[in-house]
Each structure stands twice: as C-alpha cells, then as structure tokens.
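Q: Chain by chain, the residues run as shown.
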Amino acid sequence: GNSVTQMEGPVTLSEEAFLTINCTYTATGYPSLFWYVQYPGEGLQLLLKATKADDKGSNKGFEATYRKETTSFHLEKGSVQVSDSAVYFCALSDQGSQGNLIFGKGTKLSVKP
Amino acid sequence: GAGVSQTPSNKVTEKGKYVELRCDPISGHTALYWYRQSLGQGPEFLIYFQGTGAADDSGLPNDRFFAVRPEGSVSTLKIQRTERGDSAVYLCASREIPTGGGSEAFFGQGTRLTVV
Numbered sequence: 002g003n004s005v006t007q008m009e010g011p012v013t014l015s016e017e018a019f020l021t022i023n024c025t026y027t028a029t030g031y032p033s034l035f036w037y038v039q040y041p042g043e044g045l046q047l048l049l050k051a052t053k054a055d056d057k058g059s060n061k062g063f064e065a066t067y068r069k070e071t072t073s074f075h076l077e078k079g080s081v082q083v084s085d086s087a088v089y090f091c092a093l094s095d096q097g098s099q100g101n102l103i104f105g106k107g108t109k110l111s112v113k114p
Numbered sequence: 008g009a010g011v012s013q014t015p016s017n018k019v020t021e022k023g024k025y026v027e028l029r030c031d032p033i034s035g036h037t038a039l040y041w042y043r044q045s046l047g048q049g050p051e052f053l054i055y056f057q058g059t060g061a062a063d064d065s066g067l068p069n070d071r072f073f074a075v076r077p078e079g080s081v082s083t084l085k086i087q088r089t090e091r092g093d094s095a096v097y098l099c100a101s102r103e104i105p106t107g108g109g110s111e112a113f114f115g116q117g118t119r120l121t122v123v
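Residue numbers (my numbering), protein chains in the order written: chain A, 2 to 114; chain B, 8 to 123.
Simulated from the structure, these hints should not be mistaken for lab results.
Treat each hint with caution, since some may be false.
Result set (BS3-like, lysine-lysine): computed pairs, CA atoms no more than 27 Å apart in a straight line [to be verified]: (1) Lys22/B / Lys85/B; (2) Lys57/A / Lys69/A; (3) Lys78/A / Lys61/A; (4) Lys78/A / Lys109/A; (5) Lys18/B / Lys106/A; (6) Lys53/A / Lys22/B; (7) Lys113/A / Lys69/A; (8) Lys61/A / Lys109/A; (9) Lys109/A / Lys18/B.
Note that the structure is a prediction, hence the values are computed from the model and not measured.
Between the sequences and the hints, there should be enough to build the whole structure, so can you do that?
A: Here it is, written out as structure tokens:
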C-alpha cells in the first residue's frame, strides 16, 4: 500500500543554518505530494505541494521537488529562522482516491537563536 | 466561519464512557475527513464524507467508532465504550473539491481526547 517515510527528528539547528528534511514515498500511480507544518499550539497547515513529477513546490523560503525516479520529496530551506520551529509532515494523496492524505510520522524542528 | 472548527478542544473521559467530537467544516466544502493522531505519529485516516454519505470508512479501527454528517455540513465522530488506547488528537479536515489529490485540505486544531 501507499506509505510515506520521513527523516526522524528532532532536528536542532542554529538560526540561518541550511535545512533538509528527507521524505520518500511508496505509491502506485502518480500521487500528489505535500508538506504540512504544525506550529506550536496550532493546527496543520499546508506549506507546499507538487502534483506531478519534476514540479517544485515553494513557500516561505521552503522548497521541495517531486522526484519520481527516487520517489522523494525532500524539504529544504537555505536559512532557517527561529519562527520556523515546528513539526513538519510529509504526505501524499493518491490521484485515484478521494483525496485521503497519507502522512509520515513528522519531524520536529527546533531553531535556536 | 473562516476555518475548520472542532469542539471541544480537550476532552477527558473515563474508560467505558461514550464521547462525541464535533467538526464544523469550511462553508461550502463538500469533502470532510477525520484523522487520528497518536503521540509522535502522523495523522492516520479514519473516514471520508462526500456530502452526507460516508464514502470511505475503511480507516475506522473497529465498530466502537462511528461518524455522521446528516446535513452535509457539521460532522460528529462518536466513540462508544472508550478505551485508554483511544487517547489521541482527533483531527478534522475539509476540502472544496471532493475528488482529486491536488487540492488543499484545511485542518482544524483538533480535539485532544484523553481516556482515563
């Protein structure tokens, strides 16, 4: 069945450091891929998405590229800020489904000043 | 309202009791989903509604769990004879387009259920 595997945390970085959170997936067909973020005390929010191979999703300085050949959707940011501290979830949605999301376990990021 | 609203935000109940969790989706969103998030895990799908009908309830763990959406808007997740293992955050999400994987799902802040 479909599944998502993402890098386990927690990840602790200094402000302005480079961030990578790895995400790989297993799916039949051509899923859409997402990164959701959960800030402390808030609900899940969509950070970025990509709906087909080689698409790059980007938002708030974060980027992720849909790589079908490596079944990956790694999240990157060139310079993190304290305000980026949150839990990040990689997810997929099977194009043939009703839009159900399958999530990874989440990666907690802490950015220190 | 502006977003997906879930009530209550926290619920503590005794083992064996019945609980109801409510979700108010974004107005006009026909697709509604329930997820369960255990500590340290990602959300896991429970049930999907398209309009008033449960189009997919394959994620419900057992027959103690049931959900309704009688008028195609508000949904209630019902758990009978609660067990300590039911303790988790229950998340609701809604989406404007019922099918297709690429559109955005909007999540509520969840109900934290604790069974003691």
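Q: Indicate, hint by hint, whether the structure satisfies it.
A: Here's how the hints hold up against the structure:
1. Lys22/B / Lys85/B: Holds, because 14 Å separates the two Cα atoms, which is no more than 27 Å.
2. Lys57/A / Lys69/A: Roughly 12 Å between the alpha carbons, so the hint for Lys57/A and Lys69/A holds.
3. Lys78/A / Lys61/A: holds, 9 Å
4. Lys78/A / Lys109/A: Roughly 15 Å between the alpha carbons, so the hint for Lys78/A and Lys109/A holds.
5. Lys18/B / Lys106/A: holds, 24 Å
6. Lys53/A / Lys22/B: violated, 46 Å
7. Lys113/A / Lys69/A: violated, 34 Å
8. Lys61/A / Lys109/A: holds, 18 Å
9. Lys109/A / Lys18/B: holds, 25 Å
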